[in-house]
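*Asks:* Below, each chain spelled out in residue letters.
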Amino acid sequence: MADAPLIELAGISRVYGEGEIAVRALDNIDLTVEAGDFIAIMGPSGSGKSTAMNVIGCLDSPTSGHYRFNGIEVAGLSQDQRALLRRHYLGFVFQGYNLLPRTSALHNVELPLIYKGLGRAERRAAAADALRKVGLEDRAHHDPSALSGGQQQRVAIARALVGNPQVILADEPTGNLDTKTSVEIMEVLEGLNENEGLTIVMVTHETDMAQYARRLIWMVDGRIERDERKRKAA
Amino acid sequence: MLWETVRLAIQAIFRNALRSFLTVLGIVIGVAAVIAMVTVGQGSTEQVTADVEKLGANVLMVLPGQDPMEGGPVGTADPMFTVRDNDMLENQLASVGLSAPISQSRARVVFGNENRRTDVVGTDNRYFEAARWTLARGRFFDPAEVQSGKPVCVLGETVRRDLFGYADPVGETVRIRALSCEIVGLLQSKGASTFGADQDDFVIMPIKTFHRRIAGNSDVSTLFVSVREDASTERAKEEIEILMREIRRIGRGEEDDFSVMDMKQLATMLSGITDILTGLLSAVAAVSLVVGGIGIMNIMLVSVTERTREIGIRLAIGAQARQVLLQFLVEAIILSLIGGLIGIALGLGLAILGTNWLSIPFTPDPGIVLLAFGFSALVGIVFGFFPARRAARLDPIEALRHE
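Heads up: the protein sequence lines correspond to chains A and B, in order.
Mapping to our numbering: the first sequence position 225 is 225, numbers consecutive.
Mapping to our numbering: the second sequence position 83 is 83, numbers consecutive.
A couple of the hints might just be wrong.
Claimed, not checked - Away from chain A, derived, C-beta distances all over 12 Å, residues of chain B:
| # | residue |
| --- | --- |
| 1 | 12 |
| 2 | 58 |
| 3 | 92 |
| 4 | 114 |
| 5 | 233 |
| 6 | 249 |
| 7 | 299 |
| 8 | 324 |
| 9 | 354 |
| 10 | 396 |
As the list claims (entries may be wrong) - Selected chain B positions facing chain A (Cβ under 10 Å, derived; list incomplete):
| # | residue |
| --- | --- |
| 11 | 4 |
| 12 | 188 |
| 13 | 189 |
| 14 | 190 |
| 15 | 310 |
| 16 | 312 |
| 17 | 314 |
| 18 | 315 |
| 19 | 316 |
| 20 | 317 |
| 21 | 318 |
| 22 | 319 |
| 23 | 400 |
Keep in mind that the hints were calculated from the coordinates and are not lab data.
The beta carbon of each residue, even a glycine, is placed where N, CA and C say it ideally should be.
Taking the hints into account, I'd like the entire structure generated from these sequences.
*Replies:* Here is the structure:
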């Protein structure tokens, strides 16, 4: 089991609708991601990259195929079992940050730990620690509305990593940000990958941002068209 | 986890304080109305009981005709009693202490330019004792006055005030129909009875005087019996019934043509009426609790829609459906419990005002307070469940995409 890859998609398809109006968002995809990798999934709109992300993130179930996470078959799991997988092994970063409004940065970061059943003091400490990792310890008590887009996204990253996940799934993490801030965010993600050994799976359509990844996957029409491991630019 | 959920719910409620307050207003009004109704109702029941006890719990009244409480016709032409019947009760029954014959009629009492229509009662000194009347001025009747039917009378406070103002009426003479009657005594006021009737609005004279000069016959309409302290009213009632059947020659198998009213029985009847009224009003008030519950459901549904994205976030970071369900359910329950608490406070406040205004005792019932509290929790569960289930069934991907 220790040798099993972290993420293993085999023959995954995801079909929306039935019959003639059926849409194959994912068409027989094979993909393996090793622990510690940083992959970027790219492709035009409607290429299925978000669907791939949702399947990998255990938010969605494939219509057919096998998905093994850490050797566990995910495809047959119930909603609640998949929720447990997300709770313990996955962290999410979204394009729109998705922080709870009128809730301080610290409380936002604490949220996943509530579902992990940690005590209050423990949660506080872990949340403060995660905020420190993204360089926002002095903004802990600010509401999201008092933070800039980049800061909000960093809070979201802190929330994703506070539960010690094995994978961070980032869906267009820089989509709402200007170039300078985007670079900051990518550097935070890159740092987490290099220093903490976190596996990162990112969806983006910005070629510049994809350069931070070690491996690039191109999707078109629900299929993987290109899969290249890239030599890191210094 | 549950404690976290409760804390979370309280935060969510106070994040939108005004809306939360308006949401629970229905519950507040419903609970307040029920509590106020029940408390005032119980106060008046207690008042009835207290009044009857003041009159004397060991008092029985024997009336002609069947017991109206047992469905007999009222005011039928059953024969009246006589003074002799009364004296036989008193002399022959071990459990009877005193028995006073009473006859009465409405008549106008005139003094100078003043007059008042009032109850003119013929009885004797035994009535004063049995009904616990005391004197404010003057005296009761002399045995000789009773014996020979002298034109003397004792006034109730209301009649005195109407005819004499605050002057001393003792020694004055009033005219009742054709009879000139000397006032020998004034009774200490008893105030209003349970029904709100003025107990002091009457004039009392010896029964012989009443029979000869006012009524023109020797009928006795009521026997006012006080039971000996060492005997039970039930026992006395039985003895009176046996003797009265004998006196009135009622054959075996025939029904009584008289009734013995127990003051306790009267109290039961009266509190029965107030209980029915209380129940009826409370039921109407309870309807607003249901309306309040629907209000909570409505707002919770709005809240679920508004917070769809939040639900999506929670699901994405690992919340299970039942945890989301619990969160919204707890929120609805806490909302309605807050409404319940405010309602209880408001209801008790209204009850204090109401009982004060009606001058009846304020006796809050912890049972009904608990019931109201429990019921508002139930409202929260019932009307919170549907919105909470809707929240829990959201698809995380859809929810995250929600604007």
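*Asks:* If you test the structure against every hint from before, which numbers come out violated?
*Replies:* 1, 8, 10, 12, 13 and 14
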